[in-house]
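There are 2 protein chains.
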Amino acid sequence: MFKIRIATFFCLVLVSCVITSAQDSDKPLPSWKASPARTAILDFVACAINPDCGSFIPPAERIAVFDNDGTLWCEQPIYIQFAFAIDRVVALAPQHPEWKTEQPFAAALNKDLKAVAASGEKGLLQLLAATHAGMTTEEFDQTVKEWFKTAKHPLYKRPYTELVYLPMVELLEYLRDNGFKTYIVSGGGIEFMRAVTEEIYGIPPEQVIGSSGKLKYELKDDKPVLMRLAEIDFNDDNAGKPVAIQKFIGRRPVLAFGNSDGDYEMLRWVTAGKGPRLGLIVHHTDAVREVAYDRDSPIGRLDRALTEAPDRGWQVVDMKRDWSAVFK
Amino acid sequence: MFKIRIATFFCLVLVSCVITSAQDSDKPLPSWKASPARTAILDFVACAINPDCGSFIPPAERIAVFDNDGTLWCEQPIYIQFAFAIDRVVALAPQHPEWKTEQPFAAALNKDLKAVAASGEKGLLQLLAATHAGMTTEEFDQTVKEWFKTAKHPLYKRPYTELVYLPMVELLEYLRDNGFKTYIVSGGGIEFMRAVTEEIYGIPPEQVIGSSGKLKYELKDDKPVLMRLAEIDFNDDNAGKPVAIQKFIGRRPVLAFGNSDGDYEMLRWVTAGKGPRLGLIVHHTDAVREVAYDRDSPIGRLDRALTEAPDRGWQVVDMKRDWSAVFK
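So the protein lines, in turn, are chains A and B. So in our numbering, spot 280 of the first sequence is number 280, and the numbers just go up one at a time. So in our numbering, spot 261 of the second sequence is number 261, and the numbers just go up one at a time.
Hints are not guaranteed to be accurate.
Note that identical chains are pooled: a pair holds if it fits in a single copy or bridges any two copies.
Stated by the list, open to error - Taking lysine to aspartate or glutamate pairs in the EDC-like style, the calculated list, with each CA pair at most 20 Å apart, reads:
| # | residue 1 | residue 2 |
| --- | --- | --- |
| 1 | K157 | E146 |
| 2 | K223 | D318 |
| 3 | K27 | E170 |
| 4 | K27 | D311 |
| 5 | K274 | E61 |
To be clear, the hints were calculated from the coordinates, so they are not data collected in a lab.
Looking at chain A on its own, in the form it has when it is part of the complex:
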């Protein structure tokens, strides 16, 4: 028995991450086929954790940011948060007769997903303001958690919590096993995502950054509450992403993963930093296992980022070619 004396007693402990790394090292990222992107990830991480490597990254700097819609979970035929908002519109409609004729509410009530999708980011924010406000943060969290328990995707007929990309979940775990802190930086609602990110991605609320509505501190029966106001606080998309990263994290991440032009500025910001950087894009090319879309899609439009990826050294992950599995 090998003993080490500390103070007045003996102590012998194993670090679980070492065990995990050891096990993962047999075959990391099992759902990723051999591809330039997989190789780039493995090389980047291998060097990041090796003090003898020129591209070693101190643990504190190992911060990886991920978009959510279309990068970690599916966003077609409409954003998952759209589906939640539609169900809320239906539930609240009796109190809002005007919604029968106002868009995107009328479209939501008619379950006209195409018309709702066509209303884009602006439509989402309108639905958010109307369906996500006027309650406390705790009430909203409960409403979202309850919805996820029963809601199903209109085409896959599966709970949304199962429609996360298995290869991406493997990547998140692989990065964490190697000392990376994984963050979500999404245009989606910050509190909507936080209701499930710990369960489906292992990402705690404090590592979720997203769009937000204003909050107001109030006393309700002399108990403090945070009320959700029907007013947009921050739109965490496009140029808002680097701004939010600086505000919430306060340093530049070393890895960024997105899937649309909404991630373009985040990819620029992260990969323009000094030292080792890795930028990646999920390209939705699989019409059989998921949906094939890019330059002309009203949701998750990927055009400029796809065009500039080769010159900027961003890895483009071809979902159909590079992933042996798509969903969990």
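Chain A is already provided as a structure; the job is to place chain B on it using the hints.
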């Protein structure tokens, strides 16, 4: 030699935190004299980490929030950030002749600390807008780091980085050794604090929450930068603190530590949560080793929170009576 086989190789590792805990357990919080506050902290932590205790707190929920000015470092005779702003005003004055007659700029140029202090939070925000904007986030970070290297406190004649409260640094480390995540939630500027919090408190940028100015993503010679605008984004004081805690952390902390009425709403919010909660207040009672001030101070005014502390079960730390040392 005790061996454990993992995959194909041997692994034997010691966890430093276990060593630290072991050492600390001999005498935690060495600069804290026996007092109700010290006992409350030790009892709270002992139960928080004990699964058999009714007040056990799962590791993920062990979040502790600390005010900064007057709680972790000194705030008299003026906020440290005031001193930085004053030095910046002097440096920038040649480009702003109008400052000779405008307050708080005129007071800053005359080094009239009392007049600057009298301008309070509003004055600080005016100085911030005028002296902290028009540069990139990286340039500002460098400016602040450089300033801290040479600036000295007007009365103690010591670098500001040494004017942090030793008992509080011990508490931060003690909490982290027991699985707590320590956050700063301050009315001070978020980027100003982040320049030194890792060095002086062991708190990384992503765990620092504060007041902020707006940022703008821009391309400079085709390189992305974040410009600091002369526009307030968020004032993280009073009712702004619970709002910021929800926005940045996304769950309610279990421990809050402040020193002024600016922390009142944060203390209310944290201690109103279900399960074990601990609220603490530093009462500046030591006119010899520091400064004695509370209900009538223009800086760090402690009135309502001090009055309500007994009924709300908040521990009031008497600096003179409860701390055997004040500064590091």
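K27 and D311: within-copy, between-copy, both or neither at 20 Å Cα: neither (30 Å within a copy, 58 Å between copies)
Is it within a copy, between copies, both, or neither that the alpha carbon of K157 lies no farther than 20 Å from that of E146? This pair counts as within: shortest intra-copy Cα distance 17 Å, inter-copy 58 Å.
How would you classify K274 and E61 at a CA-CA limit of 20 Å: within, between, both, or neither? within (12 Å within a copy, 35 Å between copies)
Please sort K223 with D318 into within, between, both or neither, judging by C-alpha distance up to 20 Å. neither (52 Å within a copy, 28 Å between copies)
Give the relationship of K27 and E170 under a CA distance limit of 20 Å: within one copy only, between copies only, both, or neither. within (11 Å within a copy, 43 Å between copies)
Figure legend: structure checked against the earlier numbered hints; hints not met, in rising order: 2, 4.
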